[in-house]
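Enquirer: Starting from the known structure of chain B, arrange chain W on it as the hints suggest.
Residue numbers (the working numbering), protein chains in the order written: chain B, 1 to 743; chain W, 1 to 181.
Note that these hints are calculated values from the structure, not bench results. Each hint should be verified, as a subset may be incorrect.
Some residues of chain W that are not near chain B, with every Cβ distance over 12 Å (derived) [said to hold, decoys possible]:
| id | residue |
| --- | --- |
| 1 | Asp9 |
| 2 | Pro102 |
| 3 | Asp148 |
| 4 | Leu170 |
Short, incomplete list of chain B residues facing chain W, as computed with Cβ under 10 Å [as the list claims (entries may be wrong)]:
| id | residue |
| --- | --- |
| 5 | Asp44 |
| 6 | Ser45 |
| 7 | Asn58 |
| 8 | Ile59 |
| 9 | Pro180 |
| 10 | Ala182 |
| 11 | Leu633 |
| 12 | Glu644 |
| 13 | Lys648 |
| 14 | Gly650 |
| 15 | Val676 |
Just so it is clear, CB atoms sit at the ideal spot from N, CA and C, and this is done for glycine as well.
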Amino acid sequence: MINGVNLNQDGVEIKKSVCYFCHNNCGLLAYVKDGQVLKVEGDDSYPVNQGALCSRGNINHLFLNHPNRLNHPLKRVGARGAGEWEQISWEQALDEIAAKLSELKDEFGAETLATAGGTLRTDDWARRRFMNLFGSPNGFHNAHLCWIPTFMVETAIYGWCPFEIDMGNSRCIVLWGQNPGASSMPEMRHLSDAKKNGLKIIVIDPRFTETAAKADLWLPLRPGSDSALALAWLNVIIWEGLYDQQFIENCCVGFDELAQHVREYTPEWAAPLTWLDPELIRAGARMYATHKPGNIQWGTAVDQIGKPGGATMHARALLRALTGNLDAPGSDLLTGPAQDFITDEEMEANEWLPDEQKAKQLGSDKYKLTTWEGYGRIAEITRSVWGKAPTAEWMCEAHPPTVFNAIITGQPYPVKALITLATNPINSYGQTSQVIEALRKVDFHVSMEYWMTPTAALADYVLPAASTLERPTITSTYGCSDFLLASQRVVQPLHERRTDYAFWRELALRMGQEEMWPWENLEEANYYRIYPLQYDVNSYDEFVERYRFHFPEREYYKYGRLGFATPSGRVELVSNTLAELGYPAMPTYVPPAENEVDDPELAQEYPLVLTSRGGIMPYHHSEHFQIKEIRFLSHEPHAQINPETASKLGIQEGDWMWIETKRGRIRQKAEVTQAVHPKVIATERGWWYPERKAIEPDLAGCMESNGNVLTSTAEEHCDPMGGSWANRGLLCKVYKTNGKDGM
Amino acid sequence: MARYAMVLDTRICIGCHSCTVACKINNDLPVDMIYNPVTTIGPTGVYPNLHMTHIPLLCMHCDNPPCVDACPTGASQQREDGIVWVEDEKCVGCKACVMACPYGARHPNLEVGIVQKCNFCMDLVDAGEEPHCVKTCHQRARIFGDLDDPNSEISLLLNSERSVRLLPELGTEPYVFYIMD
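The shape of chain B in the complex, shown without the other chains:
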């Protein structure tokens, strides 16, 4: 008996599912009877979580059955954002959307359609496939803030992104702006286990996080100054002779040039920029370089510092190369793409998008590494070595702020239609005022969603999306891992919900793409993808039930056999690919997006430094504020402020305070804590209030406490390589709110 429900009663089936409330994708077992999910629990045999679940994992069945979920297609009948809807049939919705898209395509060209997806809530290859066949290059995610620029910089330098780490054999791990203690529980468990065996943990983070509290070394740098720290580490490792000479001689090119290049970037040079003691900078570099094999775990912090992001990723990548921590046991592994099943990229039909349409991708004139020019070049090289390319969905996308700007200004061409899918850009993309202006202005907006989010509230059609337990899923790290984990549909979508795959396929059938969509449902498509693995199964479901995972045999030192997927076939300490694209071949110092040195006047008005916090339990991005069973843990948004600063400003624990940048202001409650430097303010992001009405002008309070109101997507704040905008390292001020409601 659990909760008064007998799980041993007749007719209860156990289905193997997976949690999609963050990127760890922990395995779930769902107890189902008559189409009702009675209970979920962690799957003991699933390698990621081994039976455990975080607070979000425990609410999967509540998410499925929540009374506020969207269950039927809706068409707007009143003014946009007035909350007046008519329930219509799927047939009507699809017919009308298809007709409207065809009309806009005829008048403005296919590129007038832009689409945005959520982070792995959806089957991204299906959207990409539709877009390629439709003829638009303007699909996007929040990819630029989430690993993608890192992936592309690293692939440019050594031919793949070493995101798979061999922690069991490692002696040192660097968590660069990553806090698995609040955002990646399975990883944290591995860290704790390895620490018992002597693993050294270095945390680089402006905040004293759950993870920093368990670290051997904590480097609390000024938000956004990561580029200086990475360069200083290069300097220490080279000029103290801590590098791996054999690896450099056998596998790298450009060492002498790099050594001269970083000569001036001493810890003493970096100290005032990073606010770190030079000896602490040295201690970190020495610990990483002398505890081999070691890892630099990928985190998304550097993807979120904007302008200095690309240079920092570049320098960080070179740290691995100098220490030989690439594809060796215990180091960061270059797995390459999956060789034995059909990857996301192979499902995307990228070859169907004509070159003249690729050239129109918004942002591709500026941010070349993550758009068709750079991606195309890198994909060509990886194909020649690995036989396959990274996923284009994610790695090669329109630049979101440029898309929003095109909607607003009509430049460089009009973007008239937007489809948002399991994403709430008002709360999750940068510089909210720009996003909301675009959403108010766009001619035609379809939103496929779980909830009536502030973004969905501004749509013309709202379509009900199937969630985790209602869809089968293949997990393969954005389509870039050499392994896969497979999960099955627990129940058919409830009410009139559909999977995004069903939506794209139905739309495609109405737009003349019949021949390209042979798979009637996701199980058929997934079976097609795993078929080459040659398991003795007759369906995708059978694969999940009997095998569930596919892990190829691990092979270290693959570069000995294949070389590195770069123009020279070696690790390029002086990068040909980056130089070809017009970027510096070696990393140089790039200051934080806003800082007191370059703009002292701004710093007078905004004397504090803002960082937007990453994962906070129990939420993920802008999600889960509806679920009271976890909301009680943190009912309101909080910003961290040092007691010294709070005292000067007359702010006490729990006071509502305004946090303001040049872009606008928000209010969050003060968490007065020593966890941050007296000059740093750390906000939570993504906040909106589902308990309020999602109608104009309040739109469920989407501007009130939303950290993205403060962030900047201005071109001068974006990373010229990957296009990341600045969530961190911005200047701000803080003051107490007035009145009893804090407004």
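Expert: Just chain W now, kept in the frame of chain B:
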């Protein structure tokens, strides 16, 4: 006979509250009822020299449980394996046990008019499984088991690591042990 106990390893607890939520959802508790809150102490010190610890709390399943002695109806009971529990049908909601418990581990459920508490998920334990809070913990910071079995994980752990109990001076003899940072 078994003697059940729990160890909380604060060296690895990260204060994620997964246990709190798993307990609440699987035991179907009202939003304001929490059997096993996690208290965070810190960061203490002055930036950047800091320390932070998380202390998960729950019923201590005392060997001398004052709540059982205080109960006028016999609803509060202790099993031979040490588990302290409430027999719902006998509870009249007088809250004498709430006053008696020094650990704040007894919770009036206003929806049903009785007092409830952590019972180590005894239905699961009787079925040979672990309590929800233990299974859900990614960090394995909660170790549950039988102290009468000298080879159980919990016995081996307590024999090899120094542990403390909360308010030992009261003589309640808690069977929840803390390995401190």
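Enquirer: For each hint, tell me whether it holds in the structure or not.
Expert: Here's how the hints hold up against the structure:
A cut-off of 12 Å between C-beta atoms contradicts the statement that Asp9 (chain W) is not in contact with chain B; the least separation is 9 Å. The beta carbon of Pro102 (chain W) sits about 25 Å from the closest Cβ of chain B, which is more than 12 Å, so the claim that it is off the interface holds. The non-interface label for Asp148 (chain W) is consistent with chain B: the shortest C-beta to C-beta separation is roughly 25 Å, beyond 12 Å. Non-interface status of Leu170 (chain W) relative to chain B is upheld: no Cβ of that chain comes within 12 Å, the nearest being about 30 Å off.
For Asp44 (chain B), the shortest C-beta to C-beta distance to chain W is roughly 9 Å, which falls under 10 Å, so the interface hint holds. The criterion of a C-beta within 10 Å of any C-beta in chain W is not met by Ser45 (chain B), whose closest approach is roughly 13 Å, and the hint is violated. The beta carbon of Asn58 (chain B) is positioned within 10 Å of a beta carbon in chain W (closest approach about 5 Å), and the interface hint is therefore held. Given hint, Ile59 (chain B) at the interface with chain W, holds; its Cβ is 7 Å from that chain's nearest Cβ, closer than 10 Å.
Annotation: interface hint on Pro180 (chain B) holds; nearest CB of chain W at approximately 9 Å, less than 10 Å. With a cut of 10 Å, the hint placing Ala182 (chain B) at the interface with chain W holds, because the nearest CB-to-CB distance is about 7 Å. Below 10 Å, beta-carbon pairs count as interface contacts, and Leu633 (chain B) has one with chain W at about 5 Å; its hint therefore holds. Restraint check, Glu644 (chain B) versus chain W: the minimum CB separation of about 9 Å is within 10 Å; hint holds.
For the restraint placing Lys648 (chain B) at the interface with chain W, the shortest Cβ-Cβ distance is roughly 15 Å, beyond the 10 Å limit, so the hint is violated. Given hint, Gly650 (chain B) at the interface with chain W, is violated; its Cβ is 20 Å from that chain's nearest Cβ, farther than 10 Å. For Val676 (chain B), the shortest C-beta to C-beta distance to chain W is roughly 7 Å, which falls under 10 Å, so the interface hint holds.
Taken one by one, the earlier hints fail for this structure at numbers 1, 6, 13, 14, listed in ascending order.
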